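From first to last, the protein sequence lines are chains S and U.
If you read the first sequence in the working numbering, its first letter stands for residue 1155, the second for the next number, and so on.
If you read the second sequence in the working numbering, its first letter stands for residue 162, the second for the next number, and so on.
Hint data in this document are derived by calculation from the structure and do not stem from the laboratory.
Bear in mind the structure is a predicted one, so any value in this text is a computation, not a measurement.
The beta carbon of each residue, even a glycine, is placed where N, CA and C say it ideally should be.
Honestly, I wouldn't trust all of these hints.
To be verified - Listing some non-contacts, in silico: residues in chain S with all C-beta distances to chain U over 12 Å: (1) L1160; (2) V1164; (3) N1190.
As the list claims (entries may be wrong) - Estimated spans, in silico, between C-beta atoms of each pair: (4) S:D1246 <-> U:E580: 28 to 38 Å; (5) U:Y602 <-> S:A1234: 42 to 52 Å; (6) S:V1227 <-> U:G196: 24 to 34 Å.
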Amino acid sequence: MTSATLAGLVGAALVGLGLYGLVANPQPLRKILAFNLMGSGVFLVFGIVARKGAAVGLQADPVPQAMVITGIVVAFAASALAVALVLRLFEDTGQVTLNPEAWTKPPEDGAEAG
Amino acid sequence: MTVDSSAIAATAGGGLLALPILLPVVGVLLSFLIGGRRAEWIALVLMPVELGIAVAIACRVWRSGEPLVYTLAGYAPPLGIALRVDGFSAVMLVTAGLIAPAAALFARANFATLGIEEKRAPLVFWTLLQGIQAALSLIFLGGDLFNLYVGLELLTFAAVPLVCLDGRPETVAAALRYLLFALFGSVFYLLGVALFYGAYGTLDIALLAPLVRPEPAVWLAAGLMTAGLLAKTALFPLHLWLPPAHANAPAAASAVLSGLVVKGSFFLVVRLWFDVLATLPGVVPGTILAALGSAAILFGSVLALRQARLKLLIAYSTVAQIGYLFLMFPLAFGPWAAEAFSGGIMQALSHAFAKAAMFLSAGLIAESLGHDRIADLGGAARAMPVTFLALGLGGLSLMGLPPSGGFAAKWLLMKASIESGQWLWAVVMAGGGLLAGGYLYRVLAPALSGESPHLKKTRARSRESIALALALVALLLAFAPPSFFAFLQIGRPAAGLALQ
């Protein structure tokens, strides 16, 4: 097994683990971490793709590396936005849950506004 | 098949294509630079310019009968990035150019920034609205799969905070759910992009299309990207985030989210299957998409029938109407391909206008009555006839009754499904239309009878007429001439190409 194959398999495993966490774990913070795990897996796959350029005589294909950098920026911004929402939710309600029933029970003025 | 060199070389006048992306970005930067108080006016001044540019681009495509291409900084793909506009993207640009200012004018009453104390929500609203415009322009014009990923992410980041502008906990939770679904979608899309680059070494759509072969890497990439885009489009069974998000957002934001934002990722599904993967045998994946669409139509409509609140009902009807969009995919092979394609696009357009009109009307109803409980709507149509007219006319298009854009869309799709012998989709469409009639009846019947209720707030004629104007556009689409459908085909490979 070459190191490229190994890295590719690790990337696939990271995406799989992340997906499991994102779907199966009810806690938003863990879902955000799982998303980052998936992202890391994808970036690793991009790294392998860049190595393919080496076969044609290039040192390494720079295009996928540029894409990974963009991807990291996007993933960072997404995580920051998600964490900000989680924090806001915790500040206002003292709990963090995605269960839509959690706030609909007391039929106060909450559901009134347009 | 060789690459048509005209697909990657800039065409004359292509420089216009950068403007719809740049202009809203300039607006956002100006809003932050010269202060939140002027954000409203910056948006209101730039939006008509944006619409003008979109119309100018559409006119150029119309006159030349060919797609326009612009290569950024003069670097041709695969090194550079190309912007391309065909008939479909030109029409979507104009649609976004019309609906965004309509929502903006409607929102002036809720998010005024002039003459009052500076607050955060209005500034955020105006900048995010322009952010959505920039992202949609990038999605409609982008010719590079990774560039489209950036557009998709921009769209998500602009759309998610709009959901929780008023800061109530349930809106924050809805926004968080929306974001998590969207992030799942973006990782899958990005993984597909990596696989495409690994297999063919380019991401430019025009360069990629002739290279694509039915091999495992392509099928895997296509599956991942489609699944990711479906999560962002809220196609059943990935629709769970949509109803709470769209129903809890402020009315003007709901109109943009339901009318335009979900169309952005739908547009990319069409780009993927009709442009990038045009040479793949697409009947089986198309049938899977249409089966999910059919399930969305039935589940969405039945759930809409059971909602207690008007805005939730309209949001569930969005889930159902998104289902119709995906019925075009298995029908797009063979002599009826053009019909099915036109039907799918028509559904996207008429739903955009009709749903924006309905969300704005629902917002007015909720503001005037102080609630949007369907059970307590009795007589409301007497007090606010124009608002309910807009709601009803929008509903006409959802049901697919003539004359409406929704009728034209469903008629074309039904014709294609019967001509191709796939009559099952026609049955689903007819059933969906009946269910839509059912949930609209639930709203309109009590509203049209009984005593006029006491209004908490007097209605504003200008805001009512915005909703009505959008609903009328959805109706007028029914009278689209054949040349309009010919326009939609500009830049499409000749019908039946994919059949070979």
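Confirm or reject the statement that S:N1190 sits farther than 12 Å, beta carbon to beta carbon, from all of chain U. Check fails; 9 Å does not lie beyond 12 Å.
Kindly confirm whether 28 to 38 Å is satisfied by the beta carbon distance between S:D1246 and U:E580. Given a distance of about 55 Å, which is not inside 28 to 38 Å, the answer is violated.
Non-interface claim for S:L1160 versus chain U (Cβ beyond 12 Å): Per Cβ check, S:L1160 is outside 12 Å of chain U; nearest 16 Å; holds.
Please test the hint of 42 to 52 Å on the beta carbon pair from U:Y602 and S:A1234. holds, 46 Å
Hint says 24 to 34 Å; check whether the CB-CB distance for S:V1227 and U:G196 agrees. Holds - the Cβ-Cβ distance for S:V1227 and U:G196, about 27 Å, lies within 24 to 34 Å.
Looking at S:V1164 again, its CB stays over 12 Å from all of chain U? holds, 14 Å
The earlier numbered hints that this structure contradicts are 3, 4.
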